[in-house]
Amino acid sequence: MNSRCVSIPHLNANDDHADLTRWACKDRAHVNAGDVIAVIETSKATLDVEAPVAGYCAHLVQAGERISVGATIAVLLENPEQAVSEFLSPSVVATADLEPSWTKKAEITAKKNGVDIRSLALALARQVTEQDVLDHNHAARGKPIQFADVADDLHPANRQERVLLIGGGAGGGAVALDSIFRTTHQRAIGILDNNPQLHGKTQFGVPILGGNNMAGELWKQGYFDAAIVVVTASIVQRKALFDELRDQGIPLTNVIDPSVQIRANVKMGVGNLIMANGFFATCVTVGDNNFFASHACIEHHSTVGDHCTFGPRTTTSGAVTIDDQVKCGMGVLIEPYLKIGRNALIPSGCVVTAHVPAHSVIKMQNIQSVKPR
Amino acid sequence: MSTFLQSLQTGLSEALSDDERVILLGEDIVDPYGGAFKVTKGLSTRFPGRVLSTPISEAGFTGVAAGMAIRGLRPVVEVMFGDFLTLCTDQLVNHISKFSLMYDGVSVPMVIRTAMGGGRGYGATHSQSLEKMYMGIPGLQVVAASLAHDPAALIRKAIDDQNPVLFIENKQLYPQQIIDALDREVSVEMRLDDASYPVAIAKNGSFGIPDVTIIAYGGASRAILSLMRRMSREEINIKAVFPSLLSAMPTTIFRAEVDASAPILIAEEGSAGFNWGSEVASTLYEVLLPALRAPIRRLAAKASVIPCAAHLEDSVLLTEEKIEMAVLDLIA
Amino acid sequence: MIIDLFHTRVDDLSLAQRRECFYRRMLAVRLCEERLLDLFTQGLVRGTVHTCLGQEACAIGVTSALDLARDIVCSNHRGHGHYLGYSGDFTGLIAEILGLSQGVCHGVGGSQHLHLRNLYTNGILGGMPPIAVGMALAEKRLNTGAVACIFLGDGAMAEGSCYEALNLAALWHAPVLFAVEQNQYAQTTHWSSQHAGSLQDRAPAFGVPTTVIDGNDVEAVYQTAGRLLAQMRTEGGPQMLFMNTYRLGPHSKGDDLRPPEEIAANRAVEPLKRLEDILGRDWCAEQHRQIATALDKTVNMLASEIK
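So the sequence lines, in the order shown, correspond to chains C, U and R.
My numbering applies: residue 1 is where the first sequence begins, and numbers increase by one.
My numbering applies: residue 1 is where the second sequence begins, and numbers increase by one.
My numbering applies: residue 1 is where the third sequence begins, and numbers increase by one.
No lab work stands behind these hints, which were simulated from the structure alone.
Being a predicted model, the structure only gives us computed values, none of them experimental.
Take these hints with a grain of salt, some might be off.
[To be verified] The list that follows gives simulated cross-link-like pairs (lysine-lysine, DSSO-like), each with its CA atoms no further than 30 Å apart:
(1) U:203 x C:111
(2) U:322 x U:203
(3) R:140 x U:41
(4) C:112 x C:239
(5) C:267 x C:371
(6) U:203 x C:112
(7) C:104 x U:302
(8) U:203 x U:302
(9) U:322 x C:111
Turn these sequences into a full structure, and let the hints steer you where they fit.
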């Protein structure tokens with residue numbers, strides 16, 4: 001700043017700007033050193049601004065403007081035709097933006113959309129706005145999507161299997177839904193349950209549509225692709241529901257939690273409900289309509305029939321054969337090569353060491369007594 | 001185009017002129033000094049006998065003013081620095097706020113005005129924003145003027161209030177221009193809350209849903225309005241909500257003016273924790289959940305003493321820079 | 001019947017008649033305080049009560065000298081005597097302490113927070129003196145001719161706000177009577193353990209003239225208070241009336257840990273006893289009977305609303 005520039009002085013602790021009340025001389029008129037060239041007003045007082053040297057007083061601001069303390073309001077030129085810029089430091093002269101610049105909003109939007117804002121700014125040669133970024137983003141992606149192209153509920157190749165849960169307003173339904181939510185190829189479309197108090201309600205957002213006997217009607221309407229029986233306690237009920245669905249020509253599907261490991265050369269029927277962390281080793285065969293609770297471990301070359309239910313952590317060793325409608329409790333361990341006959345019942349915690357004939361129950365004594373510690 | 005200080009001076013002058021019951025008390029408030037922050041300058045000359053200079057007895061003269069108010073005058077007490085309010089606290093908490101709640105037909109129409117806030121290097125006991133300690137005392141109203149309000153109208157409303165008002169001013173606001181209707185960068189609309197105290201809604205552009213909503217009061221308005229001006233050039237749309245009555249939540253106005261889909265920032269000058277922002281955030285959660293998209297962000301001064309040196313003071317206090325960083329972070 | 005006793009103007013009475021009137025008034029206060037302690041023992045009073053047993057002459061002497069139509073009375077936690085002397089409203093006070101809706105503050109205030117007309121009490125020691133000064137200043141400005149009377153004790157005179165009030169009263173020439181009841185104890189602490197120097201010499205240092213009297217002589221209290229109030233009304237400015245007395249009961253409700261000989265010695269010179277010697281035992285007993293009957297009727301009626 002040289003002595004020919006006149007700026008607003010710092011006048012008091014309170015004010016950081018002043019108003020230019022009026023000019024006391026015309027633009028580029030000649031003044032002598034000490035002449036009053038302008039009158040300014042702060043919150044406290046009105047002051048005269050004097051010319052520091054003689055010269056032609058070029059106005060940089062207009063009367064009535066509010067000016068920051070320290071800003072230059074006039075330049076005393078050596079002759080009336082001189083350019084003001086000769087006396088002002090480059091930062092004072094308004095220059096075109098030589099540096100690429102953009103608004104903060106544009107920067108944030110660019111970051112969100114992966115746009116290189118610097119190149120955009122250089123290309124535009126002006127300050128980049130948010131709209132510039134959005135327009136650029138839009139243009140870069142080419143033709144906008146035609147939504148109708150992807151709205152296709154009927155195309156079989158990339159549509160999820162719509163699964164109807166039968167007998168499922170309670171615990172069985174909950175675990176089945178939990179697993180279906182985690183698969184990518186299936187979608188739970190509805191639940192049927194014989195408890196009329198549940199009709200019209202939802203479980204995990206999936207509607208409970210009516211009694212189990214609605215299945216046929218819904219199938220005729222094309223409402224679903226396949227069914228799964230989610231009753232888990234009663235084998236008799238499971239079988240009855242399964243048979244009824246079969247009789248109506250309704251296809252059944254398997255619901256297998258994605259955490260289950262199915263190894264090489266496993267054969268599996270339909271209507272099986274297999275919960276988390278199960279392990280089906282190589283060369284295992286599983287029939288239809290079985291329910292395996294979590295952590296089932298069926299070792300290699302074992303066979304499971306139809307309509308069985310297994311509590312959590314049922315474990316077989318290799319080459320075990322389990323016939324139809326067998327019920328196992330929790331944590332049952334079956335030694336290799338054994339045969340478990342049809343309709344057998346094995347209680348929790350049992351270690352099976354011999355063949356179990358059909359229609360038999362293993363009575364196990366597990367002596368416990370509860371005392372205060 | 002007036003400053004916060006000029007507006008207050010006008011308000012007090014008009015109050016003294018219009019209502020002969022109004023009487024001012026405080027330390028060093030008579031002319032020629034006219035008060036530590038000059039708010040009462042000229043008044044003792046123009047209204048002789050109506051402006052009393054007191055000894056340094058905050059408890060004493062606050063109690064005296066309470067007695068005057070109960071018996072029919074309208075005293076306006078100046079406590080020089082907000083930090084000194086602690087000396088009047090027994091009168092405020094156990095007497096002034098309680099009499100109308102306990103005694104039929106008794107009211108205490110008085111105003112206690114005081115200057116809070118740091119940023120001038122006055123140090124730990126002359127820079128605080130202690131108003132949070134006086135919020136939530138049943139029967140005591142706490143009111144703060146911001147640059148988006150009309151301080152003259154607000155102080156007059158407080159003086160006319162039949163119930164006691166703790167009126168919070170701010171040292172750094174005094175020389176600032178209050179927003180006028182011709183401001184091109186920031187527009188302000190007024191709403192009235194359930195107690196008829198004004199809530200100022202400021203916007204730095206014309207938009208529907210803002211990029212961020214800032215809720216603040218009083219002294220914080222300086223940094224926020226300055227930020228809003230700069231951010232309007234950066235295309236960042238900010239809506240600021242400045243209540244004036246702090247001791248009751250303007251729930252109806254929050255519901256109408258705060259958009260749940262935009263991030264919300266509460267900024268206050270007092271220390272962090274157990275403060276006005278806690279109450280505002282709770283209220284907003286009650287009013288706006290489940291539509292809120294993110295937790296409400298709160299900014300305040302550090303819970304520490306306020307140092308004297310400028311850079312140390314800035315690290316503790318709420319600054320425009322810190323508000324800007326929070327805004328940009330919320331939008332990103 | 002009791003209320004009428006308190007509405008009599010005593011200025012017009014002869015000394016003998018006034019003596020009788022004062023005795024009856026003090027007796028009514030004494031019996032009321034005893035009934036309240038009794039109700040407390042029966043479990044009918046919520047919170048606590050601070051009785052003025054032994055200090056009745058201060059309350060009756062001063063309130064009888066006030067212009068009750070317009071003067072202001074400010075008091076503290078031990079304000080029953082001041083309230084009764086000011087209003088004669090035994091029903092309102094007892095009902096208030098029993099928490100009934102017909103209490104003077106509808107049960108909101110209880111024993112320590114009372115208000116009626118121009119009387120205000122509050123439970124924070126040292127809180128009311130500055131307020132009383134402000135009230136007096138307002139009355140002066142509004143030209144009502146009213147003065148303020150603030151009752152405080154030796155205990156409260158340890159609070160700084162009392163001295164701020166004295167200073168402001170003298171500085172601004174406020175018509176306030178500081179009526180100090182030096183009852184010698186602040187809760188369980190003797191005043192000499194709380195105060196260095198002299199209590200009665202403090203106010204003059206602030207420019208507030210102090211008159212020291214025997215607070216157990218009701219006629220002396222009445223005459224002195226009257227004189228000071230008259231002076232205040234003509235000359236303006238504050239006065240202190242320093243009344244030496246003794247608190248016969250415990251601080252609130254509880255054990256009195258003071259030496260029994262000390263209490264007995266003070267009981268011998270307490271205000272009622274002093275007048276009994278002049279008025280005669282039989283006459284006093286008859287007043288006792290009459291007033292107790294009237295009081296018990298009120299107390300039983302109110303207490304039955306609780307049971």
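Now for the hints, and whether the structure bears them out:
no.	hint	verdict
1	U:203 x C:111	25 Å, holds
2	U:322 x U:203	20 Å, holds
3	R:140 x U:41	26 Å, holds
4	C:112 x C:239	55 Å, violated
5	C:267 x C:371	49 Å, violated
6	U:203 x C:112	25 Å, holds
7	C:104 x U:302	27 Å, holds
8	U:203 x U:302	28 Å, holds
9	U:322 x C:111	22 Å, holds
Of the hints listed earlier, those the structure fails to meet are numbers 4 and 5, in rising order.
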